[in-house]
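Novice: Spelled out from the first residue to the last, the chains are:
Protein chains: 2
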Amino acid sequence: MKLFRFKFRIALVSALAAGLVSTTLAQTIPFNIQVKPLSPKIINGPLILGKQGSFFVGGREVESNTLSTLPAYASSGNITVDQMYVHFQSPVKAKASSVVLIHGCCLTGKTWESTPDGRMGWDEYFVKRGFSTYVIDQSGRGRSAVNATAINSVKIGKEAPDQLPVVFAAGHESAWTIFRFGSEYPKVYEGLKFPIVAQSGLWQQMVPDWLNSMPTPNPTVPALSELSKQLKKTVLISHSQSGIYPFQTAALSNEGITGIISIEPGACPAADSDLTPYIKMPILVLFGDYVELSARWAPRLKACRAFIEKTNLAGGKAELLVLPEIGIKGNSHMLMQDTNSIQIADILASWIEQRIHN
Amino acid sequence: MKLFRFKFRIALVSALAAGLVSTTLAQTIPFNIQVKPLSPKIINGPLILGKQGSFFVGGREVESNTLSTLPAYASSGNITVDQMYVHFQSPVKAKASSVVLIHGCCLTGKTWESTPDGRMGWDEYFVKRGFSTYVIDQSGRGRSAVNATAINSVKIGKEAPDQLPVVFAAGHESAWTIFRFGSEYPKVYEGLKFPIVAQSGLWQQMVPDWLNSMPTPNPTVPALSELSKQLKKTVLISHSQSGIYPFQTAALSNEGITGIISIEPGACPAADSDLTPYIKMPILVLFGDYVELSARWAPRLKACRAFIEKTNLAGGKAELLVLPEIGIKGNSHMLMQDTNSIQIADILASWIEQRIHN
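Chains as they are written, first to last, in numbering that gives the first Met the number 0: chain V, 0 to 357; chain L, 0 to 357.
Just so you know, these hints were derived from the structure itself, not from any lab. A hint or two may mislead.
[Said to hold, decoys possible] If you want a taste of the chain L side facing chain V, the calculated C-beta under 8 angstroms gives, among others: (1) LEU48; (2) GLY52; (3) SER53; (4) PHE55; (5) SER67; (6) THR79; (7) GLN82; (8) THR107; (9) GLU123; (10) ARG142; (11) ILE150; (12) VAL165; (13) VAL166; (14) ALA168.
For clarity, every value in this text was computed on a predicted model and none was experimentally measured. The C-beta atom is built at its ideal place from N, Cα and C for all residues, glycine as well.
Working from the sequences, and respecting the hints, build out all of it.
Specialist: Structural data, given as structure tokens:
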């Protein structure tokens with residue numbers, strides 16, 4: 000098996016600093032991760048599953064008398080909302096730790112399946128790598144029901160229009176810059192690895208997002224906590240808007256969580272917050288390329304850097320990997336769909352295998 | 000392999016009748032279907048896939064200036080709507096005909112996955128039986144985006160509340176009778192085979208239904224037509240609200256459709272309509288138990304019976320299977336989740352294998 004070897008850096012902060020917000024004298028200690036690529040034979044071969052299936056976690060009953068404005072369906076009754084859809088596949092002989100793939104804004108679990116240009120998704124990669132793999136649809140997204148009764152309440156005049164839910168759809172043009180395909184639509188960054196020729200396959204994946212109408216905390220977080228407890232040992236892998244969820248889940252309880260990989264998080268926990276929930280588990284925060292060109296993402300990377308430094312100062316094991324810093328260039332925000340998506344998966348899987356004692 | 004053998008009936012209509020709506024002198028010719036159960040060894044063994052993945056069919060660009068009411072996301076831009084999500088799994092050596100599983104009202108492709116009590120779903124059964132299996136989310140449901148921009152238009156006062164979409168959610172209580180679990184919630188029909196103890200697992204599957212706000216024809220139908228053409232040979236298997244879709248798809252074009260199985264359809268094509276699109280392919284309409292006890296379903300079965308008789312009179316090969324008529328009792332409307340779901344799948348798979356020349 001061909002091995003790639005490179006260095007990436009763990010930031011350790013000088014313990015000299017005092018106070019909650021301090022100037023950090025960051026020290027970096029280089030260390031090696033041996034990236035073991037999954038063999039082409041396995042990637043291109045059949046997928047052998049010991050088990051697959053789907054189920055829901057969480058949910059609550061809501062009574063409503065605006066379920067319907069149609070005579071064929073009763074307007075009054077109970078519905079179940081806030082549950083989280085989970086689809087899983089397990090290899091015949093699975094590693095001790097499973098992985099949970101958590102999609103981001105305006106998307107569903109489809110994020111991790113076949114790429115827009117038809118290559119294998121990470122949902123399958125991780126199974127072929129030996130991990131039981133759980134793909135969720137966030138509460139209120141995709142196959143996880145949203146509570147739409149307020150629409151009917153307003154439609155029949157029972158509530159005012161300002162009581163309508165906050166629902167947004169990311170347009171192709173704004174998604175273009177948020178996903179860092181280029182500085183503005185339809186310009187493309189030089190060397191971009193997103194398969195831009197198949198962009199329509201990404202636009203088809205996008206769904207309206209009810210995030211801002213969901214209860215607080217977002218029901219996805221307690222559902223992830225319940226799922227982690229069920230799984231006993233799992234690595235929570237989040238992306239973008241859900242980037243913070245594994246941390247919020249760990250803050251509820253560390254039970255069942257063996258590690259966190261947060262890919263291009265919309266937010267890391269604040270560096271001056273209580274970091275004790277995060278010091279017991281290996282954490283990897285991953286960013287792609289072009290971050291410094293983005294007014295949206297550059298401050299987020301900076302804040303994550305501060306979080307990681309503070310976490311390690313408190314005794315944690317947090318790492319930051321910015322791909323161009325190890326010579327991997329051209330990755331967009333949607334790096335699980337970029338043309339080198341398998342190379343990135345190889346890094347993440349190797350990190351799990353070497354950092355988490357199964 | 001243990002074989003079950005029973006008779007079911009094809010209704011052939013006397014050609015004596017004249018006029019569009021006529022009294023039919025139905026003749027029935029008994030014939031044998033040899034039901035070959037899938038072996039427990041295969042059911043309980045590993046699942047070996049040659050390929051799996053997901054993609055979308057269809058979709059159109061819509062320009063809107065009410066995409067968002069939030070500063071973080073632009074209000075103007077283009078989104079893609081009406082596309083249909085498709086997930087597929089193929090065995091290493093697949094039969095010539097694939098199958099497409101099309102869910103019904105208020106549900107998603109989850110319908111066909113693990114049952115609420117955790118047994119194997121039909122999505123996996125058909126793959127283990129040798130069929131490439133395609134599971135869709137109807138346009139505007141689940142992972143197939145809905146166009147939610149009208150909500151924002153009303154929220155900001157640009158449109159009147161009556162312009163809000165028609166969105167309904169089936170409450171547990173009304174679904175109870177629609178799904179024929181009992182005469183009324185929470186009464187249970189004697190001998191019911193739905194795993195009522197796990198009912199919460201069904202309620203978690205249900206999502207708001209935008210069906211009545213979709214364009215006409217429902218974009219799922221042309222998307223199914225495009226999918227059938229891509230697949231070249233496929234059996235469209237529909238359920239309930241989508242029961243009519245395979246027929247509407249065949250009316251667009253027969254290309255790629257090798258057969259139709261319509262499970263408890265909300266409607267069959269009208270018996271006095273143009274039946275020529277349906278005479279070239281084997282058709283099976285399937286109903287469960289307790290139909291005559293349901294004011295909703297009894298007339299639908301009757302109308303399907305008339306459609307089948309007329310189709311056969313016109314030279315078609317349509318069959319009606321009402322499970323209690325062959326001694327299989329206790330099946331609800333959600334028979335793919337009933338405790339004898341594998342027995343029903345065995346019948347359908349055997350029917351495909353024996354009626355359709357692969």
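Novice: Next, verify each hint and record whether it holds.
Specialist: Results for each hint:
A distance limit of 8 angstroms between C-beta atoms decides the matter here; for LEU48 (chain L) the minimum to chain V is near 4 angstroms, and the interface restraint holds. The interface hint given for GLY52 (chain L) holds, since its Cβ lies 4 angstroms from the closest Cβ of chain V, which is under the 8 angstroms cut-off. Residue-level restraint check for SER53 (chain L) holds (minimum Cβ-Cβ distance to chain V is 4 angstroms; threshold 8 angstroms). For PHE55 (chain L), the suggested interface contact is upheld, since its CB lies about 4 angstroms from the closest CB of chain V, less than 8 angstroms.
Hint on SER67 (chain L) holds. Least Cβ distance to chain V is approximately 4 angstroms, under the 8 angstroms limit. Because the beta carbon of THR79 (chain L) sits about 4 angstroms from the nearest beta carbon in chain V, less than 8 angstroms, this interface hint is met. Interface hint status for GLN82 (chain L): upheld, as the beta-carbon distance to the closest one in chain V is roughly 4 angstroms, under 8 angstroms. Against a cut-off of 8 angstroms between C-beta atoms, the interface hint on THR107 (chain L) holds, since the closest Cβ of chain V lies about 5 angstroms away.
Because the beta carbon of GLU123 (chain L) sits about 7 angstroms from the nearest beta carbon in chain V, less than 8 angstroms, this interface hint is met. Below 8 angstroms, beta-carbon pairs count as interface contacts, and ARG142 (chain L) has one with chain V at about 5 angstroms; its hint therefore holds. At about 5 angstroms, the closest approach between the beta carbon of ILE150 (chain L) and any beta carbon in chain V falls short of 8 angstroms, and the interface hint on this residue holds. Because the smallest distance between the Cβ of VAL165 (chain L) and any Cβ of chain V comes to about 6 angstroms, under 8 angstroms, the interface hint for this residue holds.
This hint holds: VAL166 (chain L) has a C-beta 5 angstroms from the nearest C-beta of chain V, less than the 8 angstroms allowed. Using the Cβ-Cβ criterion of 8 angstroms, the hint placing ALA168 (chain L) at the interface with chain V is satisfied: the shortest such distance is roughly 5 angstroms.
Of the numbered hints given earlier, the model fails none.
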